[in-house]
Amino acid sequence: MRTRLTDDETAVKEVFDGFFANESPIAIVRAAEPQGHDSELWSKLAATGAPGMALPESVGGGGASLRDLAVVVESWGAHLAPVPLVEHAVATRFLHTCGSDIDSLVAGEQIATLALRDSVAGAARLVPAGAVADVVVARAGNDVVRLNEPGPGTGPRNTGDLPIADRELSSAETVGSADEWTRALDEWRALMSVAYCGLGRQALALGVDYVKDRIQFDVPVGTFQAIQHGLADAATKLEGAHLLAHRAVWALDTDQPDASRLAGMALLFGAETARFCTDRSLQYHGGYGFSEEYDIQLYHRRASAWLLQLGEPSLEYARLADDEIGPIGSSGEAA
Amino acid sequence: MDFSFPPEVEAFRTEVREFLAANLTDEMIAATHDGTIHAPELHAAMAARGWIAGPVPEELGGAGRSALESLVLNEEMQLAAAPVDAMAVSIVVASILLEHGSPHLKDSVVPRLLDGSALGCFGYSEPESGSDVAAAQTKAVRDGDEWVINGAKMWTTLAHISDYVILLTRTDPDVAKHKGLTFFLVPLDTPGIEIQPVPTMAVERSNATFYDDVRLGDEWRVGDVNGGWAVMKTALKYERGIAGGQFPSPTVIDAALDWAQTAERADGSRPIDDPTVREKLMRSLIDVEVCRGFAYHTASLAEEGVMFGVEGSMTKLFASESYKRHCREFQDMMGVDGLITHHNDDAHLGGRIEENLRHSPVTTIYGGTSEISRNLVAEGHLGLPRTR
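Those protein sequences? They're chains D and E, same order as listed.
Residues in the first sequence are numbered consecutively from 2, following the working numbering.
Residues in the second sequence are numbered consecutively from 70, following the working numbering.
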């Protein structure tokens, strides 16, 4: 039992906190809007080895664990870095498991992504990083298919300024089965729950800094208990979300029987928590929180957006319930 | 990070489960309906195994169990709805005495608390001081070799079955309020003590205790004269660390699940097939996993020898607030049947959800209100200015 980062994980964290602080400051995040992708930043990130770090050394990867990758992802989320790290890492790990060619992906020369929602009639709608991905992995019925085709570069404008785009899959080839796909989605869920913790932590920090400086009624607004208590609730949920998110990653990493359950739970709680953090933080900025000039709105919009790439949250609760207590109509005969 | 337990702790969890299956009866749980959350036979059986003394180091007469083993014991007892209150409080009192008590207290009282032959209770709050605990007005005045205590304590829950109360008193009224406090361990059979029941909206009873010229020797003092605030900090540290309360919801969720699967609505449908009910159940299970993360975290820190502070407040805040919400939602889910109390033979699972609904409001109050917890998180974790 070790509920804090190990020394090795702390070292990884320090390296990538520094990397994203230097290479993906908020000006870069803003400059990448509305497309939500910075190809130069992707090249720099690729140079660190991060996109392939959680692949075996035998294929040129970093041989790191999912837990190490999660440490990088938390920093990525905190900086809203406009590069598809989680999508690429999860899709590439899946392709490797299927024995599909990943030579161009390990070092990040090409970008891979996964369609989180099943494709319909040979097309995947609003695929995360679909605008910029050269390789798209998607579920089609009982198969999982791979599309090799450069992305269109742009997609529809959206709440989070994310590079989502529709992708046509008619030229895609089958690479795996739906059974293995579950694992990929769970890795996305667990890693994004960690990313949400990063986002929430940074959003909360913006709020805390602001209320310490902002003077109203002749005192910093952070001296008011109404504001302190909202921020304390956010900090408390965030600590809980952090522990659950990393437990889910650990569970996947070590093949625990409840890994899938924890991944689903961690994502829902992480998203809800990050949204709560951005909501409180924006509110305590007063009118400025609503303005484009201040950064909290960037966090607020992404907190809304990330989860919805997967679909309706209520369907995620329904999926958890099906696994926990059996599908609707089974009269609660436990699965 | 690593959330696995060492094999010996997993083995201990199995042992605890087997013990509870053999020793915890439905009658013991139902017996708490008389208002006293204590099962003497269970307490004795646990003491016989050395489990009351579990967290106390061996050299101090304890069993020297690790923080992870204490966590597991706590977790399993709460999951089984075992009446743990008197046990938890007695362990905290023993721990305070081991840290601050005189040799007399360590030799004559601690062994009795640890072997299960005596119980202790808390005497901090007063009619005029609750969250502002340092404002206590119960007076202790020196008279030769003795102390004379006068005053009143509120919420001395379990005093009516306890042997001792650990009492916060004022020994210097002329200094800043937290600098004039002294603790005593007071045998409850000392002349001059009166215990009056305080009925509550839940099944449990609490007490008001009154102290009228209660005379004690100096060997009953705990910590330094006017050093009571340091003892108070220790007390709160143990209360948040050992006393549990991280898993109040699972037995309520079990009951809600049972109801949803077995009840039939007027239209013939079952609640379990209602997507809104399913989402509420899943949300409550997620909250339990969050509580589990907090519980594992504080235990893991303790195991590493890192004394946690604000993490305990966060755990308490999240666990109690979510528990209160779960009770509300699940009573609502049951509709009019959710109103039926345990006094009715046909109450669902002994009226468990209704009973918890009544009990839940106190959990966001005792042991530090949610508002005090938020203050501590805001100040200790976020670095915001102290406001009081």
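A few of these clues could be false.
With the Cβ distance kept under 7 Å, some of the chain E side facing chain D (calculated, not the full set) [claimed, not checked]: (1) Asp214; (2) Glu215; (3) Thr345; (4) Phe387; (5) Ser391; (6) Arg443; (7) Val446; (8) Pro454.
What the hints contain is simulated information worked out from the structure, not anything from laboratory work.
Glycine included, every Cβ here is placed at the ideal spot set by N, Cα and C.
- Message: Next item in the hint list is E/Pro454. Is there a CB on chain D closer than 7 Å to its CB?
- Response: For E/Pro454, the interface hint holds, since the closest Cβ of chain D sits about 5 Å away, which is under 7 Å.
- Query: Taking the closest Cβ pair, is E/Arg443 under 7 Å from chain D?
  - Reply: E/Arg443 check passes; min Cβ-Cβ to chain D is 4 Å, inside 7 Å.
- Message: Holds or violated: the hint that E/Ser391 contacts chain D, with Cβ atoms closer than 7 Å.
- Response: Cβ of E/Ser391 sits 9 Å from chain D, so the hint is violated.
- Should the hint that E/Asp214 touches chain D count as held when the rule is a Cβ pair under 7 Å? violated, 46 Å
- Message: Given a cut of 7 Å on the nearest C-beta pair, is the interface hint for E/Val446 held or broken against chain D?
- Response: holds, 4 Å
- Interface hint compliance - E/Glu215 to chain D, C-beta minimum distance less than 7 Å: violated, 43 Å
- For the hint on E/Thr345, just tell me whether its beta-carbon gets within less than 7 Å of chain D. violated, 9 Å
- Message: For the restraint on E/Phe387, tell me whether the closest CB of chain D is nearer than 7 Å.
- Response: holds, 6 Å
Hints 1, 2, 3, 5 from the earlier list are contradicted by this structure; the remaining hints agree with it.
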